[in-house]
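Undergrad: Counting from 1, position 99 in the sequence shown corresponds to residue 107 in my numbering; the numbering is continuous, with no gaps.
Since the hints were made in silico from the structure, they are not lab data.
Wrong hints could be hidden among the right ones.
[As the list claims (entries may be wrong)] As a list, the in silico SDA-like pairs of lysine to any residue whose alpha-carbon atoms are at most 25 Å apart:
#: 1; residue 1: 180; residue 2: 104
#: 2; residue 1: 243; residue 2: 311
#: 3; residue 1: 290; residue 2: 138
#: 4; residue 1: 290; residue 2: 134
#: 5; residue 1: 276; residue 2: 124
#: 6; residue 1: 290; residue 2: 274
#: 7; residue 1: 233; residue 2: 138
#: 8; residue 1: 321; residue 2: 257
#: 9; residue 1: 71; residue 2: 292
#: 10; residue 1: 290; residue 2: 124
#: 11; residue 1: 233; residue 2: 254
#: 12; residue 1: 134; residue 2: 124
#: 13; residue 1: 66; residue 2: 45
#: 14; residue 1: 71; residue 2: 294
[Stated by the list, open to error] Restraint ranges, calculated between C-beta atoms of paired labels, are given here:
#: 15; residue 1: 155; residue 2: 135; range: 21 to 29 Å
#: 16; residue 1: 216; residue 2: 42; range: 27 to 35 Å
#: 17; residue 1: 151; residue 2: 84; range: 40 to 48 Å
#: 18; residue 1: 83; residue 2: 32; range: 37 to 45 Å
#: 19; residue 1: 328; residue 2: 72; range: 36 to 44 Å
#: 20; residue 1: 135; residue 2: 228; range: 24 to 32 Å
#: 21; residue 1: 240; residue 2: 139; range: 24 to 32 Å
#: 22; residue 1: 81; residue 2: 38; range: 33 to 41 Å
Backbone N, C-alpha and C define an ideal beta-carbon position, used for all residues, glycine too.
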Amino acid sequence: MAKEKENKPTIVIEKRKVDFKVYIKRYWQLYALLALPLIYLLIFKYIPMLYVQIAFKKYSIGKSVWSMPLAKNNGFEYYIQAFRDRDFLYALRNTLLLNLKDLIFGFPAPIIFALILNELPFKGYKKVVQTIAYMPHFLSWVIIGSLSLQLFAQDAGMVNMLIEKLGGEHIKFISDSANWVRTYIGWGIWQSFGWNSIVYLAAIAGISPDLYEAASMDGAGRFQKMWHITLPGLKPTIVVLLIMNLGYIMGGGMERPMALYNNLVMDKADVIATYVYRVGIKGLRFSLTTAVGLFQSVVGVILILSANWISRKLGERGIW
């Protein structure tokens, strides 16, 4: 028996080395399609990174970035100025609080919406609801800002006029700081929850129907199937999107706060993006605001890396 085993022929699989030129010749159309976005990324995303050094130099419009003198305190003069500036500290606080509230209240909204849509038995009604929910995503924040004024203005707003007719008192939706924060978060949820639910609906569609059939045979109800099958199936998608959203805790665009804020609520509405616009572009302090933007980006990367590391430690896949 031992001899028979020794005499058994061994199968050797030869790995063929594909010549690079032959590979390019075969698939050149795909690489040609990829060339344009790569050129775009190189010109508009990577080359501008060279100018990040403005954060460490004394900016002069008449000099190239390479010939600008180094700022005081070994280049960290503008970081010191930023953290001594009360307006920047307020903007930093507001950015963190608003984005954190967005994450707490806004992140679960598309998940809940996707779960509800998945349970609707009538497909026609489901499509109508989906379409209506997606539509606000295509509205610009300028339009939403004008809607906010028309609906929630203290004297001429439609909502306050209705409250007055019902015998109530006017509510300062956009002129009181606390109410403005609630309005800001509410508009953000309304604008994005339908569109963000697309990813979760796609993940739900990938769950095997056999699991639901087996659960039905075991006597599970709708809520039990949702809790024990749908949510665990969504878990990897939720973790990845949560990690990506954590990177925006220090970020956020300028359109939304600019469209919704006013001078009466500046103590809560002034965020880093509006601070950079007001101080950097209007005030011509480019080195200071470049330093603020770099600080913002570095903190965002650290948050993403930390969240990904924690998710991997907890047994999830993470982003990479």
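Undergrad: Each hint should be assessed against the structure and marked as holding or not.
TA: Quick rundown of the hints versus the structure:
The hinted pair formed by residue 180 and residue 104 meets the criterion: a straight-line CA distance of about 24 Å does not exceed 25 Å. Straight-line distance between C-alpha atoms of residue 243 and residue 311 comes to about 20 Å, which keeps the hinted pair within the 25 Å bound. For the hint pairing residue 290 with residue 138, the CA-to-CA distance comes to about 42 Å; that exceeds 25 Å, so the pair is violated. Between the alpha carbons of residue 290 and residue 134 the distance comes to roughly 48 Å, so the proposed pair goes past 25 Å and is violated.
Distance hint between residue 276 and residue 124 is unfulfilled; the C-alpha atoms sit about 34 Å from each other, more than 25 Å. Of the supplied pair hints, the one linking residue 290 and residue 274 holds, its CA atoms being roughly 17 Å apart against a limit of 25 Å. Between residue 233 and residue 138, the direct Cα distance comes to roughly 22 Å. Compliance with the 25 Å bound is thereby established for this hinted pair. Annotation: proposed proximity of residue 321 to residue 257 holds, straight-line Cα distance about 22 Å (limit 25 Å).
Restraint check for residue 71 and residue 292: satisfied, since their Cα atoms lie roughly 15 Å apart, inside the 25 Å limit. This hinted pair does not check out: residue 290 and residue 124 have alpha carbons roughly 46 Å apart, beyond 25 Å. Restraint check: the Cα-Cα separation between residue 233 and residue 254 comes to about 29 Å, which exceeds 25 Å; the hinted pair is violated. Under the criterion of a C-alpha separation no larger than 25 Å, the hint pairing residue 134 with residue 124 is consistent with the structure, at around 10 Å.
This hinted pair does not check out: residue 66 and residue 45 have alpha carbons roughly 34 Å apart, beyond 25 Å. Between residue 71 and residue 294 the alpha-carbon distance is near 14 Å, which keeps this suggested pair within the 25 Å criterion. Between residue 155 and residue 135, the C-beta spacing of about 25 Å keeps the proposed range 21 to 29 Å intact. Remark: the range hint 27 to 35 Å for residue 216 to residue 42 is upheld by a beta-carbon distance near 34 Å.
Checked against the hint of 40 to 48 Å, the C-beta distance between residue 151 and residue 84 comes to roughly 42 Å, which is consistent with it. For residue 83 and residue 32, the hinted distance range of 37 to 45 Å is satisfied, since their beta carbons lie about 44 Å from each other. At about 37 Å, the CB distance of residue 328 to residue 72 agrees with the hint of 36 to 44 Å. The supplied range of 24 to 32 Å is met by residue 135 and residue 228, whose beta-carbon atoms lie about 27 Å from each other.
For residue 240 and residue 139, the Cβ-Cβ distance of about 29 Å falls inside the hinted range of 24 to 32 Å, so the restraint holds. Taking the beta carbon of each, residue 81 and residue 38 are about 50 Å apart, not inside 33 to 41 Å as hinted.
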